[in-house]
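Protein chains: 2
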Amino acid sequence: MSDLDPTLPWLDALKWDADGLIPAIAQNEQGRVVMFAWMNRASLQETVHTGNAVYWSRTRRRLWCKGEESGHFQKIKSIRTDCDGDVLLLAIEQAGGISCHTGRASCFFNELHGEQWVPVDQVLKDPKEIYAR
Amino acid sequence: MSDLDPTLPWLDALKWDADGLIPAIAQNEQGRVVMFAWMNRASLQETVHTGNAVYWSRTRRRLWCKGEESGHFQKIKSIRTDCDGDVLLLAIEQAGGISCHTGRASCFFNELHGEQWVPVDQVLKDPKEIYAR
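If you're matching them up, the sequences are chains A and B in order. The first sequence: position 88 = 88 (my numbering), numbered continuously. The second sequence: position 72 = 72 (my numbering), numbered continuously.
Treat the hints with care, since some could be wrong.
Note that the list lumps identical chains together, so a pair holds whenever it fits in one copy or between two copies.
When the alpha-carbon atoms are kept at most 25 Å apart in a straight line, the in silico SDA-like pairs for lysine to any residue are as follows [said to hold, decoys possible]:
#1 Lys75 with Glu111
#2 Lys77 with Gln30
#3 Lys15 with Asp121
#4 Lys15 with Arg62
No lab work stands behind these hints: they were computed from the structure. Keep in mind that this is a model prediction, so the values were computed, not measured.
Whole structure, please, built from the sequences with the hints as guidance.
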């Protein structure tokens, strides 16, 4: 993969996959990686314009403003891309301190212990409460 | 996507994509996200068995032990997966403090400033020196 060309218009400089998507990693104020999702051009533009993370939901096939149901919006602090411009890294401020639909701070709560995935992080809020609104 | 089933054998619990791959995010000791790459089953097994990050190179179509050319091996501290088991997060110790082929600490060195990607991190070592061995 050739390196990112920063002289191109910023959206064209990125390498979109065959489906027009790019992976996006969200990292919170404490430096925890909290989420991984996908963006298309429209969602990245929305993200930049609104200042809140907007992803492309591959299952629902629509733009998905993180927090639209849960209230757990992700305020954008900065957006980076990698050397070859095919992944995004979002520094975010996580509303409510919860990024995962299970009510945990991060989606990455399953740790490999020997040959077993063990949920090692605590649930901060019951999902029933989060999605009851 | 249904949530990860931790009662399944650990490799089967993960959701491999149509190409048999899963994205892997590497985070260093300082909490910086330094790399994003792909793994297949064999590379993840190698990673676990050797204790060093081994990825699947989609361009070269072969297992790729990070550091095999540069010496910048990534020692595995822990491996996590997310709520639905379709992404890996590796906590690593980065040999030489350089993860990127450009000689920077992290591959994520391009920051969006207005409508421009700006390389904001410093090159720690000339790539010519890194790959001269």
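So, against the hints stated earlier in the document, which numbers end up violated here? none
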